[in-house]
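Chemist: Sequences listed follow chains A and B, in order.
The first sequence maps to residues 1 to 565 in my numbering.
The second sequence maps to residues 566 to 679 in my numbering.
Hints in this document: simulated from the structure, not taken from any laboratory.
Keep in mind the model is a prediction, meaning the values are calculated, not measured.
Built from N, CA and C at the ideal position, the CB exists for glycine as well.
Please note that the accuracy of each hint is not assured.
[Stated by the list, open to error] Chain B regions said to be covered by chain A (calculated; three or more residues, Cβ under 8 Å):
1) 587-593
2) 596-609
3) 626-640
Below are the chains, spelled out letter by letter.
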Amino acid sequence: MGKKRDYRRTILVVDDEEVNRRILGMIAEPEYEVIYAENGVTAMQQIRAHASMLSLILLDLMMPEMDGFEVLESLRNDPVLSGIPVIVLTSDHSAEIKSLELGAADFLEKPYDLPEVILARISHSIALSENSRIIQATENDALTDLYTREFFFEYGHQYDHHHSDLAMDAIVLNFNRFHLVNELYGRAFGDRVLKKIGGGIREIIEEAGGIACRYDADTFYIYLSHQQDYEGLLKRIQQGLSELLQAPEVRLRMGIYPDTYRSVTLEQRFERALQACNSLRAQFGAAFAIYDMEMHEREVYSARLLEDFEEALKNKQFRVLYQPKYDIRGSKPRLCSAEALITWQHPEFGRVRPDAFIPLFEENGLIQKLDRYVWKEATLQIKNWKESFGVTVPISVNVSRVDIYDPDMAEYIMELVEENDIAVQEYLLEITESAYTDNSRQIVQVVKELRAAGFQVEMDDFGSGYSSLNMLTALPLDALKLDMAFIHNISVDNKEMRMVELVLEIAEFLGVPVIAEGVETVDQYELLKNAGCDIIQGYYFSRPIPPEEFGRLIRQETEGQERIR
Amino acid sequence: MTTLEKLKEFGADTEEGLARCMNNEEFYLKMVDMGIRDERFEALKEALEKNDLEGAFDMTHALKGALGNLALTPLYRHVSEMTELLRAKEDADYMTLYQEMIDYRTRLLEMADS
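Using the sequences provided together with the hints, build the complete structure.
Modeler: Listed below in structure tokens is the structure:
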């Protein structure tokens, strides 16, 4: 793929003498697109305007306004512009050392050499600079022999300015939960699958024109000449895997940003393709999605939410609500604890749904700040209720994936609990099941530490992930929280209900209680109670409510009682 | 416009100048015309009259670059000498040197306008 391509690069000629500019133009124009500037100031404007497509600058040193040295210095201090090679035009040998120190690639002396010499030196400097940029990136991925991601973007940019007339699609292909293939069949088999996918992609780019890379473990980026039949593309890659995997096991997702007019940068186009790809998270089997206006709006909305996060935290737009959990094992449901849930009252958008901002903050790590905020509020709340009502209401808080990777997490929670004079047993931690399957070793370690310190850990969204029975027995946990999706559809003897019963049996085997959340109707409640479910959370009892309102529930509950639990 | 013969008579290395212009005669002659009508010749006089040697250096330096590329050898050599004197801020009779330079230029202008 390192072949020389027939494209015209752009160069900038900077000289205050029109005669000099025009002679250089005369020499260079048969081979290059040439743009001009008559002093340093206009040169910098031209450079900034054409930065991404400028291959070389021919720069005179002595000029009015801003001289060549100042231009060199500005370029050197700019991370983007410093990569553009500069040939200095000078008649003074004395200026050469200084130019070299400021990063010039070469010199042309005045009066100029013969045109052939000038052209050779221009092309030499461009080739040197392009090669060095490319060599910096390791070219190929060892497993699939596609490009590595660094090289892919470098080459993609070059592809763009040399094929600016071609319509190209940015495509992201991902194998959803690929780690399961590795877990089930072993890593060597997983590698064979990735190789096959890589082979399929290579066939396609060789046929249609384009470049591709393995972006990370199980994600491929494909920059492909504009296509009509995306389903066909996906099918081709899928069929390539048919000898290795059963069709339902091929969880290929393809996100496409078709671009016929290059409206945004290469990186942004792949960001959008990735977004389209991620929109398929919940799909089974193979699927593709094309980036559309709705996604664009969501992107803009998401960007606003991210931007407004700090401000919102500062201005207390985030509020913690509490949803009660009732123990239904006795004759009468008993308030036993609460889950702390976050809401966002945005000054412009009004109430922002947690499912709009939580995944977003999870993606870029802001969730850690938000989680800590909730943890802190929750500890203060436990303390507050203790003081107001003389009882302890244990509160469960959510622990995100990023928190688990933070080595200070356990210490932070310990300090919170100690500061507020709360018993660790009153503080429950909910960790989503899929976090366990993502990196079980790390999480088992963290959860063990937390439990050793006395905390109780609940596995959240149980049933949505892919825990194996084997994994479950090795996991340290204190409760299973059923995924809401099951509860939603339960009825007598249906598949979902049998699933719930199965989970109850597993819980019994593990010796931990089962919490059902999202319980809305009396029918659901009865079914769960009869099946032996321990704790219920959901609209059937109460929606998430502000602490004041929750206080009333505590008062009702404690009439004639000393403690909630 | 002037011709290659006239420029040769003047002492220009027209072969070199032409080669630099990809042997495009019309373009070369046009550039020569542009070069000899450079306003810096006038600006140089002003600078010298004010005894602004630095400003004068900037002018001769710029002229030198263009005249060299045009291969107008006698004028180029003269301007180069002036440039070196000005660079070193030598105490020289710059007005006389300037007049000699203008004489070369006038010859070229006359050739162009005849």
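Chemist: It remains to establish, for every hint, whether it holds in the given structure.
Modeler: Hints and how they fare:
1. 587-593: holds (count 3)
2. 596-609: Result for this restraint: holds, n = 4.
3. 626-640: holds (count 9)
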